[in-house]
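Given only the sequences and the hints, what does the whole structure look like? Please build it.
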Amino acid sequence: MKTYTYTEKKDTRSGFGAGLAELGRTNPNVVALCADLIGSLKMNEFIKENPERFFQVGIAEANMMGIAAGLTIGGKIPFTGTFANFSTGRVYDQIRQSIAYSGKNVKICASHAGLTLGEDGATHQILEDIGLMKMLPGMTVINPCDYNQTKAATIAIAEHQGPVYLRFGRPSVPIFTPADQKFEIGKAIKFTEGNDVTIVATGHLVWEALEASKVLNEAGISAEVINIHTIKPLDEAAIIESVGKTGCVVTAEEHNVFGGLGESVARLLTTKLPTPQEFVGTNDTFGESGTPAQLMEKYGLNSASIVEKAKAVIARK
Numbered sequence: 076m077k078t079y080t081y082t083e084k085k086d087t088r089s090g091f092g093a094g095l096a097e098l099g100r101t102n103p104n105v106v107a108l109c110a111d112l113i114g115s116l117k118m119n120e121f122i123k124e125n126p127e128r129f130f131q132v133g134i135a136e137a138n139m140m141g142i143a144a145g146l147t148i149g150g151k152i153p154f155t156g157t158f159a160n161f162s163t164g165r166v167y168d169q170i171r172q173s174i175a176y177s178g179k180n181v182k183i184c185a186s187h188a189g190l191t192l193g194e195d196g197a198t199h200q201i202l203e204d205i206g207l208m209k210m211l212p213g214m215t216v217i218n219p220c221d222y223n224q225t226k227a228a229t230i231a232i233a234e235h236q237g238p239v240y241l242r243f244g245r246p247s248v249p250i251f252t253p254a255d256q257k258f259e260i261g262k263a264i265k266f267t268e269g270n271d272v273t274i275v276a277t278g279h280l281v282w283e284a285l286e287a288s289k290v291l292n293e294a295g296i297s298a299e300v301i302n303i304h305t306i307k308p309l310d311e312a313a314i315i316e317s318v319g320k321t322g323c324v325v326t327a328e329e330h331n332v333f334g335g336l337g338e339s340v341a342r343l344l345t346t347k348l349p350t351p352q353e354f355v356g357t358n359d360t361f362g363e364s365g366t367p368a369q370l371m372e373k374y375g376l377n378s379a380s381i382v383e384k385a386k387a388v389i390a391r392k
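For the sequence shown, the residue numbers in this note's numbering are 76 to 392.
Keep in mind the hints are simulated off the structure, nothing from the lab.
Glycine residues also receive a C-beta, built at the ideal position from the N, C-alpha and C atoms.
Among the hints, a few may not be true.
Ranges of calculated distance between the beta carbons of each label pair, as one might list FRET restraints [as the list claims (entries may be wrong)]:
1) I315 / F130: 40 to 46 Å
2) A254 / G145: 34 to 40 Å
3) E268 / K373: 39 to 45 Å
4) G196 / G375: 34 to 40 Å
Okay, derived cross-link-like pairs now, DSBU-like style, lysine-lysine, Cα gap no bigger than 30 Å in a straight line [to be verified]:
5) K123 / K77
6) K85 / K347
7) K320 / K85
8) K265 / K289
Set out below in structure tokens:
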């Protein structure tokens with residue numbers, strides 16, 4: 076069994092900042108907008124090097140989306156930056172009408188997603204954003220797993236024509252993907268080979284899935300771990316191939332089980348390969364204030380929960 080280790084932890088939002096800075100040097104059409112959260116979005120380096128290509132809109136997120144849509148008409152590639160809650164829920168009408176319906180080439184970049192926002196509590200911990208964004212026609216939805224993959228994804232979406240929702244987070248998490256990776260939108264990555272159960276994970280839960288696979292292996296259970304960094308478009312072929320071999324699947328995400336990755340996988344399997352499935356995610360609930368580690372444990376978004384669900388779904392085969 077292939078195992079993964081890490082030597083450093085870093086927040087995925089810093090991966091976004093590094094990717095945006097790189098784009099500032101290589102793509103003159105990239106511009107950035109922020110709603111009064113420059114430091115939180117790690118946009119300082121881009122702004123320092125490209126002050127004329129940055130727009131501080133203040134706490135006016137709806138206006139930011141409208142400005143971004145307008146900038147695309149002149150050939151610019153706008154990257155908007157604020158917290159995930161404000162990037163989606165607060166501005167859903169503007170995204171739907173001015174960006175998605177109009178097919179504008181806006182990159183909606185959202186930090187502090189999910190429970191790992193931590194101490195700011197339930198009002199800021201959006202757990203519905205993937206569902207909101209994936210239901211918009213033409214919207215690409217990306218949720219990378221670590222610093223390196225977030226940097227690579229940020230660079231890749233500049234070349235993609237059309238609206239994109241890029242989701243990343245606040246806490247420091249293990250870096251376990253290569254620094255020189257090429258990010259392919261819509262192409263899943265298989266981390267481990269297995270025959271007994273497929274674990275399909277996204278974002279911060281990918282590392283937890285890899286940790287779970289080690290525990291399962293020690294128990295004689297062979298788990299195949301797949302990183303679904305692109306939730307829409309979903310890599311259906313990769314999921315069908317794996318589940319066709321293992322005969323069961325666990326989906327894991329830092330998001331409500333209603334409307335997230337798990338439901339996308341369930342829709343696929345229902346139509347093409349009916350299969351026992353278990354879900355790791357929040358269950359129709361808001362979050363609360365606490366450290367990221369405390370919240371991930373309380374709401375069952377960790378390797379122990381993935382192990383438990385894997386054993387349960389294997390028993391259903």
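Structure-based check of all given hints:
no. : hint                    : in the structure
1   : I315 / F130: 40 to 46 Å : holds (43 Å)
2   : A254 / G145: 34 to 40 Å : holds (36 Å)
3   : E268 / K373: 39 to 45 Å : violated (32 Å)
4   : G196 / G375: 34 to 40 Å : violated (19 Å)
5   : K123 / K77              : violated (42 Å)
6   : K85 / K347              : violated (38 Å)
7   : K320 / K85              : violated (35 Å)
8   : K265 / K289             : holds (15 Å)
The structure is inconsistent with the numbered hints 3, 4, 5, 6 and 7, although it conforms to all the rest.
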